[in-house]
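Colleague: Sequence:
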Amino acid sequence: MKSKLIGFLMNFWISFSLALYFHIGEREEKCIIEDIPSDTLVVGNYKVQRWDIHQHDFLESAPGLGMFVTVTSPSGEVLLSKLYGPQGTFSFTSYLSGEHIICFQSNSTRFAVIAGSKLRLHLDIRVGEHFLDESAIQAKDKVDEVNVRLEHLIEQIHHVTREQDYEREREEKFRKTSEETNSNILWWAIVQTLILISIGIWQIKSLRDFFIAKKLV
1 MKSKLIGFLM NFWISFSLAL YFHIGEREEK CIIEDIPSDT LVVGNYKVQR WDIHQHDFLE
61 SAPGLGMFVT VTSPSGEVLL SKLYGPQGTF SFTSYLSGEH IICFQSNSTR FAVIAGSKLR
121 LHLDIRVGEH FLDESAIQAK DKVDEVNVRL EHLIEQIHHV TREQDYERER EEKFRKTSEE
181 TNSNILWWAI VQTLILISIG IWQIKSLRDF FIAKKLV
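According to full-length UniProt numbering, the sequence shown is numbered sequentially starting from 1.
Calculated from the structure, these hints are not laboratory results.
Any given hint could turn out to be false.
Said to hold, decoys possible - For lysine-lysine, the following DSS-like pairs were computed, each having C-alpha atoms within a straight-line distance of at most 30 Å:
1. 30 to 47
2. 176 to 82
3. 118 to 176
Unchecked claim - Label pairs and their in silico Cβ distance ranges:
4. 124 to 93: 52 to 58 Å
5. 124 to 182: 38 to 44 Å
6. 153 to 82: 55 to 61 Å
For every residue, glycine included, the Cβ atom is placed at its ideal position computed from N, Cα and C.
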(Lines of atoms letter the chains of each structure in order from A and count residues from 1; the text may use other names and numbers.)
(Lines give C-alpha, C1' and ligand atoms only; values in the text may rest on other atoms or scores of the structure.)
Protein backbone atom coordinates (compact mmCIF):
# COMPACT_ATOMS: atom_id res chain seq x y z
CA MET A 1 0.00 0.00 0.00
CA LYS A 2 2.80 2.37 0.89
CA SER A 3 4.68 1.66 -2.35
CA LYS A 4 1.52 2.26 -4.40
CA LEU A 5 0.95 5.57 -2.63
CA ILE A 6 4.55 6.63 -3.29
CA GLY A 7 4.22 5.62 -6.96
CA PHE A 8 1.00 7.61 -7.30
CA LEU A 9 2.58 10.69 -5.76
CA MET A 10 5.64 10.33 -8.01
CA ASN A 11 3.46 10.12 -11.11
CA PHE A 12 1.39 13.07 -9.94
CA TRP A 13 4.50 15.18 -9.35
CA ILE A 14 6.41 14.09 -12.45
CA SER A 15 3.71 14.44 -15.06
CA PHE A 16 2.51 17.84 -16.17
CA SER A 17 -0.91 18.20 -17.68
CA LEU A 18 -2.60 21.23 -19.19
CA ALA A 19 -6.37 20.85 -19.66
CA LEU A 20 -8.40 23.73 -21.08
CA TYR A 21 -10.96 24.68 -23.69
CA PHE A 22 -11.39 27.72 -25.89
CA HIS A 23 -13.61 28.94 -28.71
CA ILE A 24 -12.30 29.14 -32.23
CA GLY A 25 -13.93 30.64 -35.33
CA GLU A 26 -14.16 29.13 -38.79
CA ARG A 27 -10.71 29.12 -40.43
CA GLU A 28 -9.41 31.03 -37.42
CA GLU A 29 -6.03 29.99 -36.05
CA LYS A 30 -5.38 29.95 -32.33
CA CYS A 31 -2.06 29.11 -30.73
CA ILE A 32 -0.74 28.31 -27.28
CA ILE A 33 2.87 28.46 -26.08
CA GLU A 34 4.44 25.62 -24.10
CA ASP A 35 7.84 25.99 -22.42
CA ILE A 36 9.32 22.51 -22.88
CA PRO A 37 12.77 21.07 -22.09
CA SER A 38 14.71 19.22 -24.78
CA ASP A 39 14.19 15.50 -25.55
CA THR A 40 10.72 15.54 -24.02
CA LEU A 41 7.66 13.70 -25.28
CA VAL A 42 4.52 15.84 -25.58
CA VAL A 43 1.12 14.23 -26.11
CA GLY A 44 -2.02 16.24 -26.83
CA ASN A 45 -5.64 15.13 -26.92
CA TYR A 46 -8.35 17.39 -28.30
CA LYS A 47 -12.03 17.31 -29.13
CA VAL A 48 -14.04 19.82 -31.16
CA GLN A 49 -17.68 20.66 -30.48
CA ARG A 50 -19.77 22.86 -32.77
CA TRP A 51 -22.62 25.18 -31.86
CA ASP A 52 -26.11 24.18 -32.99
CA ILE A 53 -28.32 27.22 -33.66
CA HIS A 54 -31.50 25.12 -33.36
CA GLN A 55 -30.71 23.44 -30.04
CA HIS A 56 -28.72 26.42 -28.74
CA ASP A 57 -26.11 24.05 -27.39
CA PHE A 58 -22.75 22.54 -28.26
CA LEU A 59 -22.98 19.17 -30.01
CA GLU A 60 -20.83 16.31 -28.81
CA SER A 61 -19.45 15.63 -32.29
CA ALA A 62 -18.69 17.57 -35.44
CA PRO A 63 -18.71 15.08 -38.36
CA GLY A 64 -16.80 16.23 -41.40
CA LEU A 65 -14.88 18.83 -39.46
CA GLY A 66 -11.11 18.59 -39.38
CA MET A 67 -8.45 20.40 -37.43
CA PHE A 68 -4.98 21.38 -38.63
CA VAL A 69 -2.40 20.99 -35.87
CA THR A 70 0.95 22.75 -36.30
CA VAL A 71 3.85 22.67 -33.84
CA THR A 72 6.79 25.04 -34.20
CA SER A 73 10.07 24.75 -32.29
CA PRO A 74 11.88 27.72 -30.65
CA SER A 75 14.15 27.89 -33.72
CA GLY A 76 11.14 28.27 -36.04
CA GLU A 77 11.27 24.72 -37.42
CA VAL A 78 7.94 22.99 -37.96
CA LEU A 79 7.92 19.77 -35.91
CA LEU A 80 4.35 18.74 -36.76
CA SER A 81 1.84 19.84 -39.39
CA LYS A 82 -1.06 17.48 -39.92
CA LEU A 83 -4.80 17.43 -40.48
CA TYR A 84 -6.81 15.47 -37.90
CA GLY A 85 -10.49 14.79 -37.45
CA PRO A 86 -12.96 16.42 -35.01
CA GLN A 87 -11.10 14.67 -32.21
CA GLY A 88 -7.68 13.13 -32.08
CA THR A 89 -4.31 12.69 -30.46
CA PHE A 90 -1.07 14.25 -31.61
CA SER A 91 2.44 13.85 -30.26
CA PHE A 92 5.93 15.17 -30.85
CA THR A 93 9.33 15.13 -29.20
CA SER A 94 11.18 18.37 -28.55
CA TYR A 95 14.86 18.53 -29.43
CA LEU A 96 15.41 22.11 -28.23
CA SER A 97 14.58 23.67 -24.88
CA GLY A 98 12.31 26.68 -25.00
CA GLU A 99 8.90 27.92 -26.05
CA HIS A 100 7.08 25.69 -28.53
CA ILE A 101 4.06 27.10 -30.37
CA ILE A 102 1.08 24.77 -30.86
CA CYS A 103 -1.55 26.08 -33.30
CA PHE A 104 -5.02 24.84 -34.23
CA GLN A 105 -7.12 25.79 -37.26
CA SER A 106 -10.37 24.31 -38.59
CA ASN A 107 -10.40 23.09 -42.17
CA SER A 108 -13.86 24.22 -43.25
CA THR A 109 -16.13 27.26 -43.46
CA ARG A 110 -19.36 25.44 -44.33
CA PHE A 111 -20.40 25.12 -40.67
CA ALA A 112 -20.74 28.91 -40.51
CA VAL A 113 -23.91 28.55 -42.59
CA ILE A 114 -25.16 25.33 -41.02
CA ALA A 115 -24.53 25.92 -37.34
CA GLY A 116 -23.07 29.36 -36.79
CA SER A 117 -19.39 30.08 -36.47
CA LYS A 118 -18.74 28.86 -32.94
CA LEU A 119 -16.47 25.93 -32.31
CA ARG A 120 -15.29 24.83 -28.89
CA LEU A 121 -11.97 22.99 -28.68
CA HIS A 122 -11.22 20.94 -25.57
CA LEU A 123 -7.50 20.39 -25.19
CA ASP A 124 -5.44 18.24 -22.84
CA ILE A 125 -1.64 18.42 -23.17
CA ARG A 126 0.69 16.14 -21.24
CA VAL A 127 4.39 16.90 -21.13
CA GLY A 128 6.97 14.22 -20.38
CA GLU A 129 4.45 11.55 -19.46
CA HIS A 130 4.87 8.03 -20.81
CA PHE A 131 1.68 6.02 -20.51
CA LEU A 132 1.53 2.46 -19.36
CA ASP A 133 -0.65 -0.06 -21.18
CA GLU A 134 -2.33 -1.67 -18.19
CA SER A 135 -3.95 -4.41 -20.28
CA ALA A 136 -0.57 -5.44 -21.67
CA ILE A 137 0.96 -5.37 -18.21
CA GLN A 138 -1.76 -7.55 -16.73
CA ALA A 139 -1.13 -10.15 -19.43
CA LYS A 140 2.47 -10.53 -18.29
CA ASP A 141 3.74 -12.39 -15.29
CA LYS A 142 4.82 -10.67 -12.09
CA VAL A 143 8.49 -10.43 -13.03
CA ASP A 144 7.74 -8.82 -16.40
CA GLU A 145 5.23 -6.49 -14.77
CA VAL A 146 7.83 -5.32 -12.28
CA ASN A 147 10.35 -4.80 -15.11
CA VAL A 148 7.89 -2.76 -17.16
CA ARG A 149 6.92 -0.60 -14.22
CA LEU A 150 10.58 -0.16 -13.30
CA GLU A 151 11.43 0.95 -16.84
CA HIS A 152 8.52 3.37 -16.74
CA LEU A 153 9.74 4.78 -13.44
CA ILE A 154 13.26 5.16 -14.86
CA GLU A 155 11.85 7.07 -17.84
CA GLN A 156 9.98 9.35 -15.47
CA ILE A 157 13.14 9.92 -13.42
CA HIS A 158 15.02 10.84 -16.60
CA HIS A 159 12.25 13.30 -17.38
CA VAL A 160 12.56 14.85 -13.92
CA THR A 161 16.33 15.13 -14.46
CA ARG A 162 15.78 16.92 -17.78
CA GLU A 163 13.25 19.25 -16.13
CA GLN A 164 15.73 20.07 -13.37
CA ASP A 165 18.54 20.68 -15.89
CA TYR A 166 16.26 22.96 -17.88
CA GLU A 167 15.22 24.86 -14.78
CA ARG A 168 18.90 25.31 -13.88
CA GLU A 169 19.57 26.63 -17.40
CA ARG A 170 16.68 29.08 -17.08
CA GLU A 171 17.84 30.12 -13.62
CA GLU A 172 21.39 30.70 -14.89
CA LYS A 173 20.10 32.70 -17.86
CA PHE A 174 17.89 34.78 -15.58
CA ARG A 175 20.81 35.35 -13.19
CA LYS A 176 23.05 36.52 -16.04
CA THR A 177 20.33 38.85 -17.28
CA SER A 178 19.85 40.24 -13.77
CA GLU A 179 23.60 40.76 -13.34
CA GLU A 180 23.85 42.52 -16.70
CA THR A 181 20.86 44.71 -15.81
CA ASN A 182 22.35 45.60 -12.43
CA SER A 183 25.68 46.38 -14.07
CA ASN A 184 23.99 48.61 -16.64
CA ILE A 185 22.06 50.40 -13.89
CA LEU A 186 25.30 50.96 -11.96
CA TRP A 187 27.08 52.40 -14.97
CA TRP A 188 24.06 54.57 -15.81
CA ALA A 189 24.07 55.90 -12.23
CA ILE A 190 27.79 56.69 -12.54
CA VAL A 191 27.23 58.48 -15.84
CA GLN A 192 24.34 60.47 -14.37
CA THR A 193 26.52 61.43 -11.38
CA LEU A 194 29.34 62.56 -13.66
CA ILE A 195 26.91 64.60 -15.75
CA LEU A 196 25.48 66.28 -12.63
CA ILE A 197 28.98 67.04 -11.31
CA SER A 198 30.01 68.47 -14.70
CA ILE A 199 26.88 70.64 -14.84
CA GLY A 200 27.52 71.84 -11.27
CA ILE A 201 31.15 72.74 -12.06
CA TRP A 202 30.08 74.52 -15.25
CA GLN A 203 27.40 76.50 -13.35
CA ILE A 204 29.87 77.50 -10.62
CA LYS A 205 32.44 78.60 -13.25
CA SER A 206 29.76 80.54 -15.15
CA LEU A 207 28.63 82.35 -11.99
CA ARG A 208 32.23 83.09 -11.02
CA ASP A 209 32.97 84.54 -14.49
CA PHE A 210 29.76 86.57 -14.30
CA PHE A 211 30.64 88.06 -10.90
CA ILE A 212 34.18 88.84 -12.06
CA ALA A 213 32.84 90.51 -15.22
CA LYS A 214 30.46 92.64 -13.15
CA LYS A 215 33.29 93.34 -10.70
CA LEU A 216 31.19 92.07 -7.81
CA VAL A 217 34.06 90.09 -6.37
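Colleague: Are the hints correct? Go through all of them and say.
Modeller: Hints versus structure:
{"no.": "1", "hint": "30 to 47", "verdict": "15 Å, holds"}
{"no.": "2", "hint": "176 to 82", "verdict": "39 Å, violated"}
{"no.": "3", "hint": "118 to 176", "verdict": "46 Å, violated"}
{"no.": "4", "hint": "124 to 93: 52 to 58 Å", "verdict": "18 Å, violated"}
{"no.": "5", "hint": "124 to 182: 38 to 44 Å", "verdict": "41 Å, holds"}
{"no.": "6", "hint": "153 to 82: 55 to 61 Å", "verdict": "31 Å, violated"}
This entry does not satisfy hints 2, 3, 4 and 6, going by the numbered hints stated previously.
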